[in-house]
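Given the coordinates of chain A, assemble chains B and C onto it according to the supplied hints.
Residue numbers (the numbering used here), protein chains in the order written: chain A, 3 to 260; chain B, -12 to 300; chain C, 2 to 267.
Do not rely on the hints blindly, as some may be mistaken.
To be clear about the criterion: a stretch of chain B counts as covered by chain C if any three or more of its residues have a C-beta under 8 angstroms from a C-beta of chain C, and this derived list gives those stretches [stated by the list, open to error]: (1) 185 to 198; (2) 206 to 219.
Away from chain C, derived, C-beta distances all over 12 angstroms, residues of chain B [said to hold, decoys possible]: (3) Ala17; (4) Ala27; (5) Arg43; (6) Ser61; (7) Arg65; (8) Pro77; (9) Ala101; (10) Ala125; (11) Ile128; (12) Ala129; (13) Val133; (14) Ile173; (15) Gln202; (16) Ile258; (17) Leu271; (18) Ala285.
Simulated from the structure, these hints should not be mistaken for lab results. Backbone N, C-alpha and C fix where the C-beta goes; we use that ideal spot for every residue, glycine too.
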Amino acid sequence: MSRTGNWRIWTAVSVLLLCAFAYWLAPHDPYAVDIGKRLLPPSAEYPFGTDSMGRCVLSRVLYGGRTTLGIVLLTWLAALAVGLPLGIAAGFWRGRLRGLGDSLLNVLASFPPIVYLIVWIGAWGSGMLTAIVALTLASLVSLVKLVKARAEIERDKAYVMCAAASGASRARILLRHVPPNLIREAVVLMSLLSSDIVLMISGFSFIGLGIGDGSIDWGAIMTDGRAVAMLRPELMLYPLAFIFACAFAFNVLGEELK
Amino acid sequence: MLVRRAAASAADIMLTFAAVTLLSFLLMRASPIDPAEAFAIRNSLAPSVETIAELRTAMGLDGPLLKQYGAWLSKAARLDFGRSLVTNKPVLDEFAVTIPFTLRIVALSAVMQALGAIALGYLGYRLKERWSGLVVRAIAIAGVSVPGFYLATAYLDIIAVKLQWIAIAGNRGLLRDWHPALILAIPMAAFYGRLLTGILAKEMEEDYVVYARCQGLSEGYILFRHALPHALLAMLPNFMQSVGFAVAGATIIERIFSVPGIGNLIVTSVINRDAPMIHFSILLLAAVFMLTNRMSDAARAWLNRDAARRGEG
Amino acid sequence: MAILKLDRLAVTAAGGRMLLRGVSLQVRLGEAVGVTGESGSGKTTLLKAAMGVPGKGCSVSGGSIELDGRRLEGLAPGERRLLAGTSLGFIPQLPMTAFDARIEVGRQMRAIFRKRLGLSRAAASELAREKLRQANLPDADRVLASRPGALSGGMLQRTTIAILLGLQPSYVLADEPTSALDPDNREAVVRLLLQMKSASAGLLIVSHDPEVLERLCDRVLVLHDGELVEQGSMAELLARPRRGWTRRFAATALQQREGEWAWERW
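Just chain A, with the same shape it has in the complex (with noise of 0.2 angstroms):
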């Protein structure tokens, strides 16, 4: 990490946070209908005006926020538990059919995740869960394919030293081969991925393939700005100004740790 480097990795993470957590501060309960006031220009009262059917424009771009953040977040956690424990333990399988395995991890991992969200919600119908699986899933499988190679490198080393070793000291030295830097390019991977997962969980809501009507997400709230766009036409800028910025520094953070 270079010294100027620091400055933008805190400040992408500083926008990350707020975007995800900016939602305490929500003026009104974003949920709220009111047929009376509906596209109002914005106020003191609704810094963001109001959409088609007088929600708080502020309010839902801010849950949008903890939706579309909470799920990149349950998506890290679920890769990262499932993934790098995987990934190792799969670097270091010496049984048959790695070959197969190979190829077919290689291939998985060559999709990139607007297809696993295509099958899984192909599959399954649209919905959170459906999301969360999907893009857990192809992380999953890109993870596993670094962890895996960088495990790889590492058995070849620990296998030479298990040479001299014997015994029970071979276990010890093969557990303690954790790859170097592994988890920093997890995080790396996990990065870049993530800029493509708010930018695709917004696509596909944006299409009508996406959450749910329960939660609110930006692709959703922008698709209501897209129809009344003659009369506001800024409505579809303040999701995607949140869409932009959270997907930039995801970008940014990726490239920075690297």
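Just chains B and C, lined up with the frame of chain A:
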């Protein structure tokens, strides 16, 4: 020797693809969508339990899973992938019609991406000392952070509606294709442009560059005549994979531009929960990615062989 | 004033570490000055800084470089570039990686001659052929048509010298020109350098090969940790080495002279 390697490679591809078909089959069977029920409801048959059971037998949805898979596999080998639950036309036919549309867009997009990536990558390095270089690099990162669907809608709204440059319906042929191709190309050009800048930076630290400078050759000449060709070749394998990404990315773009391509059909099938169509979509996407992966690996292998022949490390 | 002068040259690396701490030397036309010392003593840094191609992150932090009375270190990159090759020549340590591996040697030589000497394509080809022969590569056409990977290290190093014979710089900076070569090729390169010297070029040669230093150099400078610690003719250094490294160096040199192979690396 070469034949043996090709045979092993082919076997590998077949086995992997078979594994993918099995996985997708299991996935579709595990999903809560019951194709029989969906079919019955869509075709306005009174969905009594018996009707559905009959349909299930007729559609081959009962019996042990492995047997079902075998049946499906044998039908697939004859290129029979079932019929769409919505239109009742053969799945393969439905997709066959859409392929040319997507292919044209992806091909056009590939050309635009290449040009855009080269321009952004080259400028990103050439201007790296000046603030304009920072702008170029910022554009590159921004390019991958802006949602494609927004670019598509904004583009449509501005170009088509406000400026009326294209009619939204109608306008066949190349003129119609290059709009979605452009939107598809922008994020990828940004992505590869950034990659190229990095590769150029590394290439310009090589020994031969230092020596060329010692001969008094200009930075621009060295960059253009020596570093750039090396960098482009190094990026060739990556670029081949971009075709796969383009096909996947085309789903949303095609939807927004109302292009009757593969992506649009996939989205429609997913919205309609049209199981046989969805299943085929998975296979199609898998096949596309496997193909591009192989091309990419082959390119990489060829580059390595070429380097070895030339006596490099 | 035909002289290449480095006056208290200092070079700092990216992290702040000083690679060269104020080294001064002079090279006149027709004279050969050697620079030696253990690895990491700053020999290559000195040469590259003088050439104008300091390593990654390194920069000249003090002192001056004067070429025939003209200060180089403050020049704009474009002006400095004009001197490279035609006034200040360079011989690399690793000839195998000095050329672009994808392009035939002939094309690269022609490009250099055309761009730096303004020759036509045919004239550049002819010059390349002539100089390759002069550099003891009779099969010039084969060399011109080959890619660098098809040629041996010795042939490639003779090619770099051929380029210098074509550009005719007044001063030649050589970075361990023989260290990557086998004895026969070493001999050939030493002879070529002697030729250049007698043709009135000024040579600044970095080497740790005692034979090269002895046959070529009028004076030898010893560097240690970026500083000049000893200097004199090879005879003086061998007879009265002062520092530990120089003593080991002298011992090795004498052993080599007596025909014994010393595989010691310092």
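We went through each hint and held it up to the structure:
{"no.": "1", "hint": "185 to 198", "result": "holds (count 6)"}
{"no.": "2", "hint": "206 to 219", "result": "holds (count 6)"}
{"no.": "3", "hint": "Ala17", "result": "holds, 52 angstroms"}
{"no.": "4", "hint": "Ala27", "result": "holds, 64 angstroms"}
{"no.": "5", "hint": "Arg43", "result": "holds, 62 angstroms"}
{"no.": "6", "hint": "Ser61", "result": "holds, 51 angstroms"}
{"no.": "7", "hint": "Arg65", "result": "holds, 49 angstroms"}
{"no.": "8", "hint": "Pro77", "result": "holds, 50 angstroms"}
{"no.": "9", "hint": "Ala101", "result": "holds, 20 angstroms"}
{"no.": "10", "hint": "Ala125", "result": "holds, 24 angstroms"}
{"no.": "11", "hint": "Ile128", "result": "holds, 24 angstroms"}
{"no.": "12", "hint": "Ala129", "result": "holds, 29 angstroms"}
{"no.": "13", "hint": "Val133", "result": "holds, 34 angstroms"}
{"no.": "14", "hint": "Ile173", "result": "holds, 31 angstroms"}
{"no.": "15", "hint": "Gln202", "result": "violated, 4 angstroms"}
{"no.": "16", "hint": "Ile258", "result": "holds, 51 angstroms"}
{"no.": "17", "hint": "Leu271", "result": "holds, 38 angstroms"}
{"no.": "18", "hint": "Ala285", "result": "holds, 19 angstroms"}
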